[in-house]
Amino acid sequence: MTNFPTVVLLLLSLLLGLSSAWTTLVPRQTSFSSLQLSDWSSFQSLDDDEDFDVDTNTYAKEEDTQEFKAQVGASMEAPEIDDPPVDPIQVPAGSQLELDEETVLGVLNACRGELGTLFGYSAENRGVGITGGVDYVELDGPCVVIRLK
Numbered sequence: 295m296t297n298f299p300t301v302v303l304l305l306l307s308l309l310l311g312l313s314s315a316w317t318t319l320v321p322r323q324t325s326f327s328s329l330q331l332s333d334w335s336s337f338q339s340l341d342d343d344e345d346f347d348v349d350t351n352t353y354a355k356e357e358d359t360q361e362f363k364a365q366v367g368a369s370m371e372a373p374e375i376d377d378p379p380v381d382p383i384q385v386p387a388g389s390q391l392e393l394d395e396e397t398v399l400g401v402l403n404a405c406r407g408e409l410g411t412l413f414g415y416s417a418e419n420r421g422v423g424i425t426g427g428v429d430y431v432e433l434d435g436p437c438v439v440i441r442l443k
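When the letters of the sequence shown are read in order and numbered with my numbering, they come out as residues 295 to 443.
If you are wondering where the hints come from, they were derived from the structure by calculation, not from laboratory data. Every residue gets a Cβ at the ideal spot worked out from N, C-alpha and C, and that includes glycine. The reader is advised that the hints may include incorrect statements.
Stated by the list, open to error - With beta-carbon atoms standing in for the labels, derived distance ranges:
| # | residue 1 | residue 2 | range |
| --- | --- | --- | --- |
| 1 | Leu442 | Pro378 | 12 to 22 angstroms |
| 2 | Ala364 | Ser389 | 25 to 35 angstroms |
| 3 | Gln338 | Gln360 | 43 to 53 angstroms |
| 4 | Leu442 | Phe326 | 22 to 32 angstroms |
| 5 | Ala404 | Gln360 | 16 to 26 angstroms |
With these hints in hand, go ahead and build the complete structure from the sequences.
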C-alpha cells in the first residue's frame, strides 16, 4: 500500500493537470562554453596619435610683469573680429535700448573693451593664455546669438 501523502499528491496533480510536472523528473544537461579573454600581445603605443593637437606656445605666468605678458602675447595672433565695424555704445546701467542688429553690435564692441580680461583682445591676456573671442551670430527674436571661440 502506498502512503497517504503520495496518493494525495498524485490526485492533486491529476486534478490540476500537472501530472507530468509532478510525476516525472527530467535530468537537465548543462553545456559549458569556454570564455576566452584577449591578451595584450598585440598592444602598441600610439605615440604620434595626438601630435597635431599639442599646444606648443609659451605663456607668461601670473607673477610676471605686464610688459613681459604683453611681449609674449604680441607673438600670438589676436582673435579676429568677424562682425561689421560699428562704434561702441557706452550706456549707463539700467538703460533701455532698441533691440536691433546695429545696437547689439555696438554694445558687443563696448563689452570687448570693458570685459577684455575674458577674451584675448589685448596682448597681456594672450600672453597668459587667454586667447578666446566672441562674435555676433544673429538676432533671433528677443534673443541675441553669439559665438565664443
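* **Supplied distance hint 12 to 22 angstroms, evaluated on CB atoms of Leu442 and Pro378** => Between Leu442 and Pro378, where Cβ atoms are some 19 angstroms apart, the hint holds.
* To do: Starting from the hint 43 to 53 angstroms, judge whether the C-beta atoms of Gln338 and Gln360 obey it.
  => holds, 48 angstroms
* **Range hint compliance [Cβ, Ala404 to Gln360, 16 to 26 angstroms]** => holds, 23 angstroms
* Between Leu442 and Phe326, is the Cβ distance one that fits in 22 to 32 angstroms? -> violated, 58 angstroms
* Assessment of proposed distance window 25 to 35 angstroms (beta carbons of Ala364, Ser389) -> holds, 33 angstroms
In summary, the structure is inconsistent with hint 4 from the numbered list given earlier, while agreeing with all the others.
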